[in-house]
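Undergrad: Construct the entire structure; sequences and hints are all you get.
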Amino acid sequence: MTQLADAYITGAGAFLPGEPVGRAAMEDHLGRVCGRDSLLGRRALKWNGVETRHYALDAEGRATHSNAGMCAQAVRAAATDAGLGVEDLGFLAAATTQGDWLVPGHAAAVHGELGCGPLEIASFQSVCGSSIMAAKAAWQAVRTGEHAVAAACAGEFSSRWFRPSFFEGTALVDAKGRLRGEADYLRFTLSDGAGAVVLEPAPRPDGLSLKVAFIDIVSLAGQFEPCMWAGAPLEVRGDPLATWSFSGPQAAHAAGAVALLQDFDLLKRVIRAWVGVYLQKVDAGRIRPAEVDHLLCHYSAKSLRGEIVSLLEKTAGMIPEAKWFSNLASVGNIGSASIWVMLEAFLRTGRLRRGERVLCVVPESGRALVGFMLLEAV
Amino acid sequence: MGEGAEVSDVLRRLAVAFAEFEAQLDGTPLIRKLTRGRFTLEDYRAFLANLRQQVKDGALWMSRAASHIDEDHLELRSRLMRHAVTEHRDFRLLEADYVATGGALADIQGAEKNIGSEALSAWMFHEASRPNPFGLLGAMWIIEGLGRIKAGEWGRLVRDRLGLPEEAVRFLLYHGENDTTHMAEFEEMLALVLPDAAVAERIVKTARVTGRLYALQIEEIGA
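Quick mapping for you: the protein sequence lines, in order, are chains V and P. All residue numbers for the first sequence refer to my numbering, where the first residue is 1 and numbers rise by one. All residue numbers for the second sequence refer to my numbering, where the first residue is 1001 and numbers rise by one.
Just so you know, these hints were derived from the structure itself, not from any lab. Predicted, not measured: the structure shown is a model, and the values here were computed from it. Hints should not be assumed to be uniformly reliable.
Taking lysine-lysine pairs in the DSBU-like style, the calculated list, with each CA pair at most 30 Å apart, reads [what the hints assert, rightly or not]: (1) V:K46 to V:K268; (2) V:K323 to V:K46; (3) V:K211 to V:K268; (4) V:K314 to P:K1033; (5) V:K46 to V:K314; (6) V:K281 to V:K211; (7) V:K281 to P:K1205; (8) V:K302 to V:K323; (9) P:K1033 to V:K211; (10) V:K46 to V:K136; (11) V:K314 to P:K1205; (12) V:K314 to V:K281.
TA: In structure tokens, the structure reads:
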């Protein structure tokens, strides 16, 4: 068997649209469903621990950027960080939850916005974990020697899905104009933005690079119904034949099948399953908590973190909280883009030292998936 | 895989075993119906009737296990005995729930053990009859974890989906509330027999076997 080469993250970039938006102004950007203030908004923000976030919508709800455009900006920033230009790219993997077009894939849209010459591209559509899928593709492209410079990017423009027109006149709003919690909660959970990394077969000549030790992705979809989804009404969300396109776009919209929804009860079960996968990795020696110097864990809510921590402490699976880095409070949960935006902010802190290990964990509630990426500073 | 025999190592392996157990449970036809909104009153009555026989045995195997613990482990023996006392009337609550749903007491009392319950009970009594049956701590982890984590969740689903009053779902709701203090107690019990490599192995193995047989018991209900 041919030996695979090592691959290194040599640049990271992030793009956050506009100025930070504080809690009180968030609903101005999203717009008020049926003209009413959200019932859940404040509680959701407290629960999430998010203070500020960015939107690609202005205070009147007009779009200032596209998802693909934000991704292109992040890819440019990552290439610049690596000391390269987009013309050096040979491979581009792009991830998102919902792109600007239904068809074709997100990577084509990002490539279009970059406007550079011919590239190999790959599109990954899932939720938060799509970032890690794209990273794995870029990593493999470099490891196999097929490309000398690969980029993985991820972007979200969630806020446009939270505009009142997505909910008004649908089964998700009752006669008094109150939006269902499964939809309203997400309106205050997700933010906009994009992030990217550049991978190469050698470390950068100056400064730190991150050698990718492994990328593991585990899906438990065979065991769970959709937990965070769009494209099916609440009641029949597990039946692929009941999804939106069978009834046509107008009927699907009226049934509340187009909006993004989250099942909280199921989420609790999914969280236990994620922790189970993590502990299995610890037990198998794949992850050694004592050897992790920095943990970048993507989580959407500060309060979820508390529930998990006590179990990890009891089972010798815990990485001490002093080693956790998060920018959730200032940028919110940017879905697939979160892990790259977090990594970019972490690298800028200057905290990382040569030889240290960084563990990235990206759980995705979509249909119960979790991704792990171990990086080593060289 | 699975190194180490400290309390934290065993707890970690038990947490993995529980996740495996939960996946097995979620895959059974009955629980699938419950979590997907297709659960009926008949399903709930069948669930209670099938569970009763095994719940009744719970305190019995625990007592038998206590009687096989030697004098070097008196503290563990005391704890198991106390535990058995706390739980040995729990099956009465199941009967009361069954009656509150409109079922006849004689029906639940006369129900037979299903194939999975037979296997689970036989396994528990077999393990409990061995000298110093410390592996049963793994069985307790599975069964109490079920009470601590799943019972409340199931109880609320049953109540809400079937529109039942609280007094028809007390067994499930009660366990969801009361088992939360048991975790610390469980750690203390583990510390009475660990670290010991052979005991650690046996605890984890017993947890996995118990989980599989418990899921078989649920699988056999109205399937």
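Undergrad: Does V:K314 pair with P:K1033 here, judged by a C-alpha cut-off of 30 Å?
TA: Violated. V:K314 to P:K1033 sits at ~34 Å, over the 30 Å cutoff.
Undergrad: If you draw a straight line from the CA of V:K46 to the CA of V:K314, is it 30 Å or shorter?
TA: At roughly 27 Å apart (the allowed maximum being 30 Å), V:K314 and V:K46 satisfy the hint.
Undergrad: Take a quick look at whether V:K281 and P:K1205 sit within 30 Å of each other, Cα to Cα.
TA: holds, 19 Å
Undergrad: V:K314 and P:K1205: Cα distance at most 30 Å?
TA: Holds, at about 20 Å.
Undergrad: Straight-line Cα separation of V:K46 and V:K136 no greater than 30 Å?
TA: Status violated; Cα separation ~34 Å.
Undergrad: Just to be careful, I want the Cα atoms of P:K1033 and V:K211 compared with a cutoff of 30 Å; is the pair within it?
TA: violated, 46 Å
Undergrad: CA of V:K323 to CA of V:K46, is that 30 Å or under?
TA: holds, 24 Å
Undergrad: For V:K314 and V:K281, compute the direct alpha-carbon distance and say whether it is at most 30 Å.
TA: Roughly 16 Å between the alpha carbons, so the hint for V:K314 and V:K281 holds.
Undergrad: Quickly compare the C-alpha distance for V:K211 and V:K268 to 30 Å and report which way the hint goes.
TA: violated, 34 Å
Undergrad: Could you grab the alpha-carbon distance between V:K46 and V:K268 and see if it respects the 30 Å cut-off?
TA: holds, 18 Å
Undergrad: Can the restraint linking V:K281 and V:K211 be considered satisfied, given a maximum Cα separation of 30 Å?
TA: holds, 20 Å
Undergrad: Between V:K302 and V:K323, is the straight-line Cα distance small enough, at 30 Å or below?
TA: This hinted pair holds, its Cα atoms lying about 16 Å apart.
Hints 3, 4, 9, 10 from the earlier list are contradicted by this structure; the remaining hints agree with it.
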